[in-house]
Amino acid sequence: MTLTTADRKYTMFSPVLTVLRDVLARPSGAIGLTLVTAHLVLALISPLIVPYDFKATNSSMMLTGPDMAHWLGTDHMGRDVFTRVLLGGREALLVTGIATPIAVTWGGFMGIFFGLAGGRIDEVMMRIVDAFLSLPWILKMLVLIVTFGTGVEVLIPTLAFFYGIPVIRIARAATHDVIARDFVSAARARGHGRMTIIWRELLPNVLDTLMVEGAMRWSWMLLAFSSLSFLGFGVSPPTPDWGLMIADARGFMSFAPWGVLGPVVALSSLIIGINLTADALAKALGIDRAQKAPV
Amino acid sequence: MLRMLLRRMALGAITVAIVSIIIFSGVELLPGDACTAFLEREAKGKLLENCREAQGLNRGPFERYFDWAASAIRGDFGVSANGQKSIAELVGNRLKNSLLLASSSLALGVPLAILLGVITGLWRDRPIDLTLSTIAIFAMTIPEFVSATVLILLFSVWLGWLPGIVLTPAHAPAVEFFPEIILPVIVLTMVMTAHILRMVRSSVIEVMAGDYVQMATLKGVPYWRIVFRHALPNALLPAINVVALTVAWLLGGVVVIEVVFNYPGLGRMIIDSISDRDLPVVQAIALIVATVYVGVNLSADLLTMFANPRLRTLYMRQK
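So the protein sequences, as listed, match chains A and B. The C-terminal residue of the first sequence carries number 317 in my numbering, and the numbering is unbroken. The C-terminal residue of the second sequence carries number 363 in my numbering, and the numbering is unbroken.
Some hints could be false.
[To be verified] Residues from chain A shown here face chain B by an in silico Cβ test under 10 angstroms; the list is partial: (1) L109; (2) V174; (3) A246; (4) G265; (5) M275.
[Said to hold, decoys possible] Derived Cβ-Cβ restraints for the label pairs, each shown as a range: (6) B:G136 to A:I53: 28 to 36 angstroms; (7) B:N94 to A:I150: 32 to 40 angstroms; (8) A:I53 to B:L203: 26 to 34 angstroms; (9) A:W128 to B:P213: 43 to 51 angstroms; (10) A:G100 to B:D111: 50 to 58 angstroms; (11) A:L62 to B:N306: 44 to 52 angstroms; (12) A:S207 to B:S319: 53 to 61 angstroms; (13) A:V146 to B:L73: 15 to 23 angstroms; (14) A:L116 to B:L203: 34 to 42 angstroms; (15) B:R108 to A:V63: 48 to 56 angstroms; (16) B:G104 to A:I124: 31 to 39 angstroms; (17) B:N306 to A:A47: 44 to 52 angstroms.
[As the list claims (entries may be wrong)] Over 10 angstroms on every C-beta distance to chain A, these chain B residues come out as not near it, computed from the model: (18) F110; (19) A114; (20) S115; (21) E133; (22) A151; (23) D255; (24) K263; (25) V303; (26) A334; (27) L346.
Calculated directly from the structure, the hints in this document are not laboratory data. From the three backbone atoms N, C-alpha and C, an ideal C-beta is built for every residue, glycine too.
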C-alpha cells in the first residue's frame, strides 16, 4: 500500500512542498507540471520574443508553407503563424486564470455553507443547482455573451459564475463527509459560531478537494473558452487566439494544414498538461476523481 | 417502493419547473424583450407593435409565464420571433437528427467503454492499461472541435476515406445521413468512451480488492468465474449513472460537433437562433434539453435502484 500525502501531511516539511514533491514524483505530474509551467512562462514572455507583428498582414505571403523565415508558415492574411501561436494562449490564460479562483472560491463557500446549514434551505438550494446543471453550458453562456458582448469583462464573470455552480455540489458533499467528525462537534460544544467553524474546522479539511476541483475547472474553462472562440463568440479578431485560429484556418486545411496544426498542438498540450497535473494532484491528495463527469 | 418512485419523479418535475422559471426570468431580466432583441435597430413603431402582438408581449410577466409553461407541457412552444413558423415544427426535425447522432454514439461508445474499462481494470498498471488510459486522457481532454478538425484532416483531406462535412438537408430520413454521420459519431464516441472507461476501470479495481472477491479466491473459485459472477455485476452498476451524466455532456458537446460538421441538428439550431437573437426558440430548446437531461438522470437513478438489491431494501426501509 502506498502512502498518500494525506497520511503524512503534518511532517516537518511544509504541506505545500510535500504535495508538490509528491506530484512531481509521479510521471503524469512531472510531465503535466512541466507543460503548464512552460505555457505560463511563454504566455508571460512571448510579446518580447515573437519574431513578427501578430497583426501585420502581407498579401504577397498568403498561406505559404513553413520555411526558415516563417517556421509554421503564414495564414490566409499573410500573418506569421508561429507568432500567433506563441501569443494565442495569453487571452485564454488571462480569462481562465482569473475566473477559476473566483469560481472555486464562491462555489466552495456556498457549498460549505449549505452543507453545514442543511435542512430546508439546503434542499431548495440543491434543486436550484440541479436546475442550472441540467442546462448545457454552451447555451447558458451564449445567451449572456450575445446580450452583453464578447469582451474579457463579460467572459470572466460569466465563466466564474457558471463554473462555480458545480463546485457548490462538490464542496457540499466534502463538507458532509467532514461534518460528522468529532472535531466539528467539539467546536460546536465549545460554542463557536458558524463562521468560525467554517473557517477553522471545515475549510482546511475540504481544501484538498477544492484544489483538485479547481485544477479540473481550469481545464474545462479553457475548453469552454476556446470552444467559444472557435464558434466566434470569444475574443474578437485580430487578437490571436488558438480557438479562433483553428476556425479561421479550417477552410484552407486541404492545402495549408500548418495553420491548423500549430494552434491544435499548442491548445492540446496546455489542456493535457493541466489534466495530467490535476490527476497527479488528486492521487497525491488521495482523492478519487474518476467518478466525476464533465459538467 | 411506489412512494419512493413517486417521490423521485416529483423531484424531477420540480427541477424541470425551476429550470423553466430560470429560463423565463433569465430572458425577462436581459435588457429589452424578445422583439427588441430580434428586430434590433428596426425595433420601433408598427413593426415592434406587430411583433409584440404576435408574441403576446403586451401582458404581464406572470400571465405570460403560466401561458408559456402551460402550452409547453402540451408541446406547443409558440411561434419564432420572425413570426413565421411554429417552433414545435422547426425543432422537431432537428431534435430527431440530434437524437440520431447521440444514440448512434451511445450505442457504439457504451459497450466499447465497458469492455475497455474492464480490460484496463483487470490488467491494472500493465502496458495495455497504461496505453489505453493515456489515450483516454487525450481523448477526453482535447476539445471536441480540435479532435474533430484533426480527424477531418486525417480521414477526409489526406486519406479521402470519409466525407468531412454533412450536406444532407434537415428533413431527410435517417438513412440518408450515412456515411456523412460517421466522423461526427466517431468524435462523440471517443470522448464519451474515455469518460466511461475511466469510471468503469476504477470501479473494477475497487470491487476486485473487495472482501468477497478475496473470499472467493481463497475458496478456490476459478479467476474468470470470480470476474464474471462476483465482480462485474457489482462493478458495472455505477456505470448506469455515469452513462446518464455522459448524456448530459453529449447534449452540450453535440453543439460544437454539429457546427464543425455542419450537421443539421438541435445544436446548430441553438447557435443559429442565438446569433439571430430569436429568444423564443432559444427558450424552447433550453427547456427541451433540460427536460431530456432530467429524464435521463431520473431513469438512471431508478434503474440503479432496481438493479441493486442493497439500495432497494435501503430505500424501502426509509420509505
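Structure-based check of all given hints:
1. L109: 18 angstroms, violated
2. V174: 20 angstroms, violated
3. A246: 9 angstroms, holds
4. G265: 7 angstroms, holds
5. M275: 6 angstroms, holds
6. B:G136 to A:I53: 28 to 36 angstroms: Violated, at about 48 angstroms.
7. B:N94 to A:I150: 32 to 40 angstroms: 37 angstroms, holds
8. A:I53 to B:L203: 26 to 34 angstroms: 30 angstroms, holds
9. A:W128 to B:P213: 43 to 51 angstroms: 45 angstroms, holds
10. A:G100 to B:D111: 50 to 58 angstroms: The hint (50 to 58 angstroms, Cβ to Cβ) holds, given that G100 (chain A) and D111 (chain B) are roughly 56 angstroms apart.
11. A:L62 to B:N306: 44 to 52 angstroms: Violated - the Cβ-Cβ distance for L62 (chain A) and N306 (chain B), about 36 angstroms, lies outside 44 to 52 angstroms.
12. A:S207 to B:S319: 53 to 61 angstroms: This hint holds: roughly 55 angstroms between Cβ atoms.
13. A:V146 to B:L73: 15 to 23 angstroms: 20 angstroms, holds
14. A:L116 to B:L203: 34 to 42 angstroms: 38 angstroms, holds
15. B:R108 to A:V63: 48 to 56 angstroms: 54 angstroms, holds
16. B:G104 to A:I124: 31 to 39 angstroms: 36 angstroms Cβ-Cβ, so the 31 to 39 angstroms window holds.
17. B:N306 to A:A47: 44 to 52 angstroms: 47 angstroms, holds
18. F110: Holds: least Cβ distance 18 angstroms, greater than 10 angstroms.
19. A114: At about 19 angstroms from chain A, A114 (chain B) clears the 10 angstroms cut-off, so the statement holds.
20. S115: Since the minimum Cβ distance to chain A is about 20 angstroms, S115 (chain B) lies beyond 10 angstroms and the statement holds.
21. E133: The assertion about E133 (chain B) holds, with a minimum of 21 angstroms to chain A.
22. A151: 19 angstroms, holds
23. D255: Non-interface label on D255 (chain B) holds, nearest chain A Cβ at 16 angstroms vs cutoff 10 angstroms.
24. K263: 24 angstroms, holds
25. V303: Violated, since 6 angstroms does not exceed 10 angstroms.
26. A334: 4 angstroms, violated
27. L346: 16 angstroms, holds
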